[in-house]
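Enquirer: Order-wise, the sequence lines are chains A and B.
Per UniProt numbering, the very first residue in the first sequence carries number 1; after that it's consecutive.
Per UniProt numbering, the very first residue in the second sequence carries number 1; after that it's consecutive.
Please note: incorrect hints may appear among the correct ones.
The list makes no distinction among identical chains, and a pair is therefore deemed to hold if it is satisfied within one copy or across any two copies.
In silico lysine to aspartate or glutamate, EDC-like type, Cα no more than 16 Å apart, as pairs [said to hold, decoys possible]:
#, residue 1, residue 2
1, 96, 131
2, 259, 46
3, 259, 206
4, 21, 243
5, 259, 243
6, 201, 141
7, 101, 14
8, 259, 126
9, 101, 222
10, 21, 3
11, 259, 72
12, 21, 257
13, 155, 239
14, 21, 220
15, 96, 211
16, 155, 243
17, 96, 243
18, 155, 69
19, 96, 46
20, 96, 214
It is worth saying that the hints were derived from the structure and are not from the lab.
2 protein chains.
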Amino acid sequence: MIDYATLAQESPSEVRHMIRKGQWDQPTSGLANGHTQANLVILPADYAYDFLLFCQRNPQPCPLLEVLDTGDPIVESMADHADIRTDIPRYRIYSKGILSKELTDIRAYWRDDFVSFLIGCSFSFEQALLENGIPVRQIEEQRNVPMYRTNIPCKSAGIFSGPVVVSMRPMTERQAIRAIQVTSRYPSVHGAPIHFGNPEKLGIRDLAHPDFGDAVTIREGEIPVFWACGVTPQAAVMDSRPDIAITHAPGHMFITDQKDTAFSIL
Amino acid sequence: MIDYATLAQESPSEVRHMIRKGQWDQPTSGLANGHTQANLVILPADYAYDFLLFCQRNPQPCPLLEVLDTGDPIVESMADHADIRTDIPRYRIYSKGILSKELTDIRAYWRDDFVSFLIGCSFSFEQALLENGIPVRQIEEQRNVPMYRTNIPCKSAGIFSGPVVVSMRPMTERQAIRAIQVTSRYPSVHGAPIHFGNPEKLGIRDLAHPDFGDAVTIREGEIPVFWACGVTPQAAVMDSRPDIAITHAPGHMFITDQKDTAFSIL
Numbered sequence: 001m002i003d004y005a006t007l008a009q010e011s012p013s014e015v016r017h018m019i020r021k022g023q024w025d026q027p028t029s030g031l032a033n034g035h036t037q038a039n040l041v042i043l044p045a046d047y048a049y050d051f052l053l054f055c056q057r058n059p060q061p062c063p064l065l066e067v068l069d070t071g072d073p074i075v076e077s078m079a080d081h082a083d084i085r086t087d088i089p090r091y092r093i094y095s096k097g098i099l100s101k102e103l104t105d106i107r108a109y110w111r112d113d114f115v116s117f118l119i120g121c122s123f124s125f126e127q128a129l130l131e132n133g134i135p136v137r138q139i140e141e142q143r144n145v146p147m148y149r150t151n152i153p154c155k156s157a158g159i160f161s162g163p164v165v166v167s168m169r170p171m172t173e174r175q176a177i178r179a180i181q182v183t184s185r186y187p188s189v190h191g192a193p194i195h196f197g198n199p200e201k202l203g204i205r206d207l208a209h210p211d212f213g214d215a216v217t218i219r220e221g222e223i224p225v226f227w228a229c230g231v232t233p234q235a236a237v238m239d240s241r242p243d244i245a246i247t248h249a250p251g252h253m254f255i256t257d258q259k260d261t262a263f264s265i266l
Numbered sequence: 001m002i003d004y005a006t007l008a009q010e011s012p013s014e015v016r017h018m019i020r021k022g023q024w025d026q027p028t029s030g031l032a033n034g035h036t037q038a039n040l041v042i043l044p045a046d047y048a049y050d051f052l053l054f055c056q057r058n059p060q061p062c063p064l065l066e067v068l069d070t071g072d073p074i075v076e077s078m079a080d081h082a083d084i085r086t087d088i089p090r091y092r093i094y095s096k097g098i099l100s101k102e103l104t105d106i107r108a109y110w111r112d113d114f115v116s117f118l119i120g121c122s123f124s125f126e127q128a129l130l131e132n133g134i135p136v137r138q139i140e141e142q143r144n145v146p147m148y149r150t151n152i153p154c155k156s157a158g159i160f161s162g163p164v165v166v167s168m169r170p171m172t173e174r175q176a177i178r179a180i181q182v183t184s185r186y187p188s189v190h191g192a193p194i195h196f197g198n199p200e201k202l203g204i205r206d207l208a209h210p211d212f213g214d215a216v217t218i219r220e221g222e223i224p225v226f227w228a229c230g231v232t233p234q235a236a237v238m239d240s241r242p243d244i245a246i247t248h249a250p251g252h253m254f255i256t257d258q259k260d261t262a263f264s265i266l
């Protein structure tokens with residue numbers, strides 16, 4: 001395997017090339033630094049309208065970056081002719097909502113009726129938070145961001161429904177005010193937080209036990225700040241138990257050619 | 001008919017009630033002042049996926065505000081149980097892209113496979129422009145905003161393709177700078193302009209002859225400023241000649257319960 005520090009400085013296309021050749025099967029955080037990474041959901045066309053509508057109705061947790069044509073595995077807008085079947089380090093195949101396989105190449109499972117959805121990720125605004133002096137605790141502690149199911153229902157669409165899932169970053173009130181300003185500039189990758197302070201208002205009982213990802217330290221004088229999270233659409237897909245669904249493995253994202261800064265409207 | 005000044009101050013639900021009862025069949029500009037108005041496109045379900053994808057791929061000209069469930073004529077998110085078949089003053093029915101009827105109530109034409117799309121409109125940011133001292137010439141001159149087909153292609157989706165259509169407002173450079181700031185706050189209703197200055201760069205030959213709407217005066221020292229326009233998806237629908245499509249008549253919009261200010265992210 002290539003070392004991490006090398007890949008952090010590489011171009012997105014070079015990193016995807018190495019992933020495609022099997023030279024990198026680890027998480028992608030920090031690779032091709034400064035470029036947006038995306039969540040992947042692949043569904044058969046029979047489910048695609050409902051899922052597209054679900055994302056349209058819930059844009060804050062489900063910000064669509066690109067939807068490929070039915071049967072077409074080639075990304076054209078977010079990257080220059082990347083192959084969605086090979087250019088992600090790890091995939092998960094779910095049968096009726098149950099994880100059945102984890103693998104590094106899905107060409108053998110590809111079908112002519114598959115539709116691929118690339119969904120925005122909060123990684124895209126974290127660099128902007130750091131540049132504004134706001135701590136991103138899970139980066140400091142080298143963990144995955146803590147994520148929680150809330151008591152806020154998404155608007156349902158066809159077979160898809162489920163709760164909004166949030167990611168949480170602890171910070172002071174003063175930092176939270178700046179974080180609201182900074183992330184408001186990124187409406188197409190989750191935008192501003194949806195809550196801060198008391199987690200019980202979101203139906204979250206224990207911040208130390210996230211539903212996805214890892215717990216992080218909340219220091220004296222800090223409050224939790226909650227953003228709508230791109231795991232929301234994946235959770236809705238799993239809960240609805242489609243015959244087959246393919247996603248990236250957690251943390252093993254699709255690296256786009258787009259810079260994070262391109263998603264800032266201000 | 002009720003007079004205009006009365007309806008300008010009424011609530012959205014009261015205005016929709018009068019429209020539903022046939023007491024108002026005129027344009028809606030300025031009615032229920034301060035509340036967002038929306039464009040309407042109704043298509044059979046066979047076309048709905050392609051159209052939803054077209055809007056997802058072209059969010060600046062095609063900002064979706066709400067998509068109703070298949071066969072369901074009741075608006076629930078943008079308004080409290082409005083009936084999309086009766087609550088717009090005038091509708092147009094198109095057969096294979098050709099206007100076949102204009103009428104004030106479409107209940108007799110409703111089908112169980114119809115999907116209704118409500119699409120954002122630049123009316124939503126014009127009040128903010130006025131409040132910032134920026135002229136909105138077509139309001140001053142009591143005309144429809146001038147709109148032009150450009151040489152910029154939309155990203156196509158299934159059967160739908162076509163050029164980006166823009167609306168144009170003339171102003172000074174200094175006002176344009178402020179207008180860019182102000183409209184950047186409204187990413188879900190077209191957002192910032194896509195061009196200013198030389199119209200030929202957009203393939204527009206003559207500002208005095210818009211493709212839709214009315215020409216307006218461009219004063220000495222003013223430049224044209226161009227925003228992506230909600231007529232874009234309608235033009236794409238007409239060009240693709242579906243068996244049937246129903247839209248609002250130009251200027252006769254759906255009045256939502258949402259305030260324009262709710263669409264500002266800052």
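Enquirer: Checking each numbered hint in turn, tell me which of them this model violates, lowest number first.
Expert: 1, 2, 3, 4, 5, 6, 7, 9, 11, 12, 14, 15, 16, 20
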